[in-house]
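Protein chains: 2
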Amino acid sequence: MAAMIELIQGGGVTSAKGFKAGGTYAGLKTPSEGILDLGIILSDDPATIAAVFTSNKVVSPSVTLSRKRAKKGTGRAVVANSGCANCAVGAQGLKDATEMAALAASHVDVAPEDVLVCSTGMIGVELPMALIRQNLGNIKLDGKGGNDFARSIMTTDSHPKQFAASVEISGKKVTIGGAAKGAGMIHPNMATMLGFVTTDADLDPAYAQTALKQAVDDSFNMIDVDGDQSTNDTVILMANGARGGTKIAGGADGAAFQEALTYVCQALAKELVRDAEGAQRLIEVVVDGAKAKKDARLAARSVAASLLVKTMVHGRDPNWGRIMMAVGKSGANLDESKIDIYVNGIQIVHNGISIPYSRDAVVSSMSGDNVTFQITLNQGKESATAWGCDLTEAYIIENSAYST
Amino acid sequence: MAAMIELIQGGGVTSAKGFKAGGTYAGLKTPSEGILDLGIILSDDPATIAAVFTSNKVVSPSVTLSRKRAKKGTGRAVVANSGCANCAVGAQGLKDATEMAALAASHVDVAPEDVLVCSTGMIGVELPMALIRQNLGNIKLDGKGGNDFARSIMTTDSHPKQFAASVEISGKKVTIGGAAKGAGMIHPNMATMLGFVTTDADLDPAYAQTALKQAVDDSFNMIDVDGDQSTNDTVILMANGARGGTKIAGGADGAAFQEALTYVCQALAKELVRDAEGAQRLIEVVVDGAKAKKDARLAARSVAASLLVKTMVHGRDPNWGRIMMAVGKSGANLDESKIDIYVNGIQIVHNGISIPYSRDAVVSSMSGDNVTFQITLNQGKESATAWGCDLTEAYIIENSAYST
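So the protein sequences, as listed, match chains R and P.
Converting from the first sequence to this note's numbering requires adding 197 to each position, the first position being numbered 1.
Converting from the second sequence to this note's numbering requires adding 197 to each position, the first position being numbered 1.
Isolated chain R (complex conformation) (with noise of 0.2 Å):
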């Protein structure tokens, strides 16, 4: 049975029960009217923590320190930088993201090692750490303060991401928040994205971890902007139990909680994907009918992910041709004389031969804000979705020039 999820209009990291945000401007950032560039998360109480981290091999060490931490499952703040990764800088990183835990816990009042750090931005410059401590200070955290938080993590974003939902577990309605961050070097298995969910709900700490998980092999696992992974790449789930209520270690509660921490991932997931550098579509790849979920997720992502696809979108430009690519390049099991192909639900493609269907209908529909490839392999049951946006002249541009 599916969950009621409830949309909270305008909501973030500060709607769940318990917890407070802020940002400041440190000055990490080239200065602009309202940026921000530095925030925290803080849990009112000791919150269960779960968290997935990039796979690249050269790490942050805001991330080595985060993935030490997040270890023991609980902790009670999370504090974030724009503008600087904290990466490629030797053995000095280590000691910045340590000390920038720390000046958070002191502001804030909690032990050091119960605080996870995340920094984004420019790799191979260290931390500018007399300008943390000038100013880490100056976050004020309160229960509005979801917005700042969004503010101060955005590096090229065009607009904070934030969303939030409810839900009802067992007769009892919790909240899940998110704020995260993207823009350019997005892919499959994480990239310089930053993504953090709070919640009211209880949860026991295996599960919170095997959710996470779940929910970002769903969401922030599936979209591609460029193929690129970024050093950086974290996403924290903070769940402090504050709306009371049982524990949740998995059944139908479980299954409940799960939906809605994927739904709020997934919408986060889309809008940085719909923000990233120089994209003017969202497209959405859905593959079903595959024998494996595994099948349908290399198809989806690979689709999504095809600079072909991305720019022929671009184009507006129905080439079915290369979405045959994709498909055949990803490795997924399938069989070519049994795919069908629907762009905004026309069939083009039946058998894997093109149909007569009209051009026009498909270029205009191809015209809106949204694309969504449907690929049915007819070879079984499982399913998957992807999402990526078009290549433009913007995107190159833009990634031209970034550090000059």
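In short, the hints are calculated from the structure, not lab data.
There's no promise every hint is true.
To be verified - Keeping only pairs whose Cα atoms sit at most 25 Å apart, straight-line, the calculated DMTMM-like set for lysine to aspartate or glutamate is:
1) P/292 <-> R/532
2) R/254 <-> P/485
3) R/535 <-> P/323
4) R/254 <-> P/323
5) P/254 <-> R/532
6) P/268 <-> R/533
Dock chain P against chain R, hints included.
Here is chain P on its own, set in the frame of chain R:
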């Protein structure tokens, strides 16, 4: 000992003794002055055949047929068309590939099963066999037809790609010549990429297959334009032994031939990258000091394939954090704190950290047609080289409007 390899100016698939080739215009591509779209290479005598094909699961029936015929290890001719990939057209595709090979066999008077067939161009439309039947007979084959053949396989290539070299093996000079076409969709594991190599050396069939695989792994499989892989990629080697001498099956002779074969394949591969859609600069990525060859190959290809690296080269920006990111995500064994990076010979990173370097000098060195990144892992003695091109606005423009 390095083999003595001599470049043959203006050489191609008819440089080796005993090969004829030619091309004609059959009407498969939009007409323009001097355009060709159908070509044949013929060996005067039965030749040893080796071939390497795409790893895409959706393949053109032209590939299916050639794969089968290449297995017997001998053959006489290859017929190739551009303008139509003969892919994703159902059962008709294999009939058409078989007929096209039969028409060519009849034209050059050899057995149909001694003819391989290659197609490149749009996916999802049937080969216009009426045009091929009508025009294939116009192909005039002679010992100077290499250039016409190279022109007949072009799609978005701006010019034909040919190369030939000679090498002395046990006192006998043998010639290796090649033609290739590339442009978009080029990626490791091969992509809309056709390559044809002819030689008058006498090759043992098993040796020929191993040598071609090795040469392709070090050349065509180390280039990247956009990460996509085509349904039609094929590299075919024909060795007719017309120059005499003993059969090469390995040993010192095999090593010398391998070196020359790899040289010709690398020359063709680099030319494909240089002429890729929208490309302005060739990027050469040398990874050395790797523990295993596999690590070096993974890291080199990952850097050459990264969009963020490609765009930074377009912007002449030594944003080495992106190189670290690409090396890190490659899966190669590495220790971040041992990595050294050089841009066009200028060291900018030592032990994983930026060193003081003249930014102006590096940016200025990145203004040429070639940019070399050397990444030293300091983990072992293995190395590999990959080639890519910068990603420009022109790529987007070209690929947003391919079939419209």
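Right, here's what the structure says about each hint:
| no. | hint | result |
| --- | --- | --- |
| 1 | P/292 <-> R/532 | 19 Å, holds |
| 2 | R/254 <-> P/485 | 18 Å, holds |
| 3 | R/535 <-> P/323 | 18 Å, holds |
| 4 | R/254 <-> P/323 | 46 Å, violated |
| 5 | P/254 <-> R/532 | 9 Å, holds |
| 6 | P/268 <-> R/533 | 23 Å, holds |
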